[in-house]
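Q: Based on these hints, arrange chain H on the given structure of chain Z.
Top line first, the protein sequences correspond to chains Z and H.
When you line the first sequence up against my numbering, it's residues 20 to 481, in that order.
When you line the second sequence up against my numbering, it's residues 20 to 481, in that order.
Since the hints were made in silico from the structure, they are not lab data.
Note that beta-carbon positions come from the ideal geometry of N, C-alpha and C, so glycine has one too.
All clues stand as given, with none of them false.
Straight-line distance between alpha carbons at most 30 Å, and here's what the computed DSS-like set of lysine-lysine pairs gives: (1) LYS367/Z x LYS254/Z; (2) LYS367/H x LYS254/Z; (3) LYS367/Z x LYS298/H; (4) LYS405/H x LYS21/H; (5) LYS297/Z x LYS381/H; (6) LYS254/H x LYS297/Z.
Across the chosen pairs, the derived CB separations fall in these ranges: (7) LYS43/Z x GLN80/H: 47 to 55 Å; (8) LYS43/Z x ASN383/H: 36 to 44 Å; (9) ASN295/H x GLU123/Z: 56 to 64 Å; (10) PHE291/Z x SER51/H: 43 to 51 Å; (11) GLU335/H x ASN233/Z: 20 to 28 Å; (12) THR379/Z x GLU276/H: 34 to 42 Å; (13) ASN115/H x HIS265/Z: 36 to 44 Å; (14) ASN295/H x GLY310/Z: 50 to 58 Å; (15) ALA304/Z x SER51/H: 36 to 44 Å; (16) GLY270/H x HIS265/Z: 28 to 36 Å; (17) GLU77/Z x ILE373/H: 52 to 60 Å; (18) SER51/H x ASP32/Z: 47 to 55 Å.
The lines below spell out each chain.
Number of protein chains: 2
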Amino acid sequence: MKNIQSYVQEHKDRFLNELIELLKIPSISADSAYKNDVLKTAEAVKNQLEKAGCDSVEICQTKGYPIVFGEKIIDKNLPTVLVYGHYDVQPPDPLNLWNSPPFEPVIKETELHPEGAIFARGACDDKGQMYMHVKAMEFMTSTNQLPCNVKFMIEGEEEVGSESLADFVKENREKLKNDVILISDTGMIAKDVPSITTGLRGLSYVEVEVTGPNRDLHSGLYGGAVANPINVLTKMIASLHDENNHITIPGFYDKVEELSTEERAEMAKAPFSLENYKKALDINAVYGEAGYSTNERNSIRPTLDVNGIWGGYIGEGAKTVIASKAYAKISMRLVPNQDWKEITQLFKTHFESIAPDGVTVKVNPHHGGQGYVTPIDSVGYQAASKAYADTFGKTPIPQRSGGSIPIVSLFEQELKSKTILMGFGLDSDAIHSPNEHFGVWNYLKGIETIPLFYKYFTELHN
Amino acid sequence: MKNIQSYVQEHKDRFLNELIELLKIPSISADSAYKNDVLKTAEAVKNQLEKAGCDSVEICQTKGYPIVFGEKIIDKNLPTVLVYGHYDVQPPDPLNLWNSPPFEPVIKETELHPEGAIFARGACDDKGQMYMHVKAMEFMTSTNQLPCNVKFMIEGEEEVGSESLADFVKENREKLKNDVILISDTGMIAKDVPSITTGLRGLSYVEVEVTGPNRDLHSGLYGGAVANPINVLTKMIASLHDENNHITIPGFYDKVEELSTEERAEMAKAPFSLENYKKALDINAVYGEAGYSTNERNSIRPTLDVNGIWGGYIGEGAKTVIASKAYAKISMRLVPNQDWKEITQLFKTHFESIAPDGVTVKVNPHHGGQGYVTPIDSVGYQAASKAYADTFGKTPIPQRSGGSIPIVSLFEQELKSKTILMGFGLDSDAIHSPNEHFGVWNYLKGIETIPLFYKYFTELHN
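So here's chain Z without its partners, still in its complex pose (with noise of 0.2 Å):
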């Protein structure tokens, strides 16, 4: 393609004050408080795509939050690529930990970013990454050098679970025809090290309650005397791992894809430093399942985390209470072949066998996915590898990221077709954590090479 390096020089100021604006809105959508914000959200998704060339864009209603579809279609005997991306975020919280507001994005410098980085939610997740391919469309139509069909389905509802977006997948099957998914909602292993994430874990989000007495009660005239679902919880998710930090639930593992020596020992090829790894983190050693490096503990392992817990009194001073609920938030990360349903059902029957006499345990399933792996010799793994190769300069790697993208695996069943995760943002970019943000260099990258993707996949494609 013809002067893609020249027109993002020439447009990058617009590309990055597009983007910031698209920032400031805080489209959470785990929290109602913003549903207007994230309604709005998706208003601007559908203008951008307009601007960007798509012949007609709608936006969707669903049960939950819309999702924003448009399309050009040049010739239907053309391949057509669907891109993927969702508009809502994260919750900012803890906010006392961000340097700047969450939603009022910042360019700053950083050591790893001296082109300076935005500072903001949702500057690489996934609003910075899905408006790279906003902006490649732009680039493409503008300069009238659209190779195939496009399609974008852009959703909102990403961070919950995306369980509307199920349902219309299921129920247009026509409309969102296509021969390659592409999604950047991924990283790469380092600005100078390419790579294409080839799998991804899958998901079981629940949340557990604990009721011990009625009523809070005072811990002098009833402790010890009665269970304290506090401590009773404790015991409880403290048994959900055994010493070499196996996870207890029965069956939990009995899907669990084993990777061949040779496999291992290929991936252990990835270029990690555990030294670097454990200063960026500021701890003393890692942690995690007997028998796996770091990078297997994060890409190939389940793994049972809480995400939240809280019971009793969490204000200022004391309170000698025995609260008469406790609560968490559990997710576990799956690996291919780990059904989330089923996974989610071992962790219900179990958790809720191993509550003592004296309580009563409710577990509420929030929302899951499945693991996926892509080929490496598939068509679309090797248009996005020669894209990278054009860009970067080197072939990029294959990786298995420990990351959710549940819809993806929907995506082949429904669909039939294959996923390309063209992942540029970096570990150190901070999402789902205070002071995310997207390098601008990665952002003008992805833009830059996005559109060899479409040349490489179309020539390829037969």
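A: Frame of chain Z, contents of chain H only:
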């Protein structure tokens, strides 16, 4: 004494309305947001003591909240009773569980209180019980029947550890000189089963903080590879009790006084229905240290309870995060001979020692106090026993309480006098809980009984 009952009947509406005014002020000592209300309450108490006939009343400043001191010395050769109480209250949360606002007192009938009960934070603990003494004083002075000297010491930091009181007592031994200390901050077995508390548990209250990575992390990208502070905290807390619910802190039980079979048999005679106990709390089973009865577990045995726990995302919906920090408030109830400072140190040393690599742990001691036992053959106990016998028509039962009034042992040490705990509350009063209340009958019965204690104590004293 003459006409107590008629005086109480004649003035009961005023007695109730005055208490209700006092209960309207949210004197929450644990929360600095209520500082002015706590100070306002001290003023109100001062005014009431003056109206009740004290010759001199002063608000004594401390490094914390002030102590209201008042006295009436009628004859240096007569004995002196020192009345202790507190005007501060527990935080009211969880607010949503109150049937009426905690600081808008209402009188409602209940099954147990056909005469009505005052619902408000502090109704029983301790504004209501403290105010019985003010009204008993009013009766004795206004009818010229005060048989001895009286001193009042009403503090505002009982719910947060009485730190300033300790200094105040040490610095004012002469001013506080007395022959017996009288406190109503405990309960009795039932409306028709009067009892006098002869034992109190000590307390050690700490806050723990577990820190893992230096920022919140994405649970997909890091899950399974770094220590999750919440998971670690649950493991650490769970390990503090063994399978028999014995506390595992080395040395914790070394100084625990083991009661003789005879003493335990004596205790077991107190009327108690396990069925009613479980029904009242809506639990299917009690829970606690193996080898001890419910009444022993909450009175003669030490305990360790989590009073609050928090960490990670506790808002609406789901957030897949690994928190950087997790916290818990933990209190231990101690029995006579256990030193709270020593136990606090044992906890700190042990808890820090069981922290796994990958996290750092901080233990911040909040406050504490010693346990206490009072002999039933003392003049004070005998005087109280006769007073109850007159107004209840039966001799009260000596009872060990699981609660703590940390300063009682301090009083004995610094002022060399015994404390008599004349409590008129009931377990069902829900102190420290939503819907705290105090029976109108109990309130008036207390005002009736207290003057008789003065009478008998003066007669028996020599």
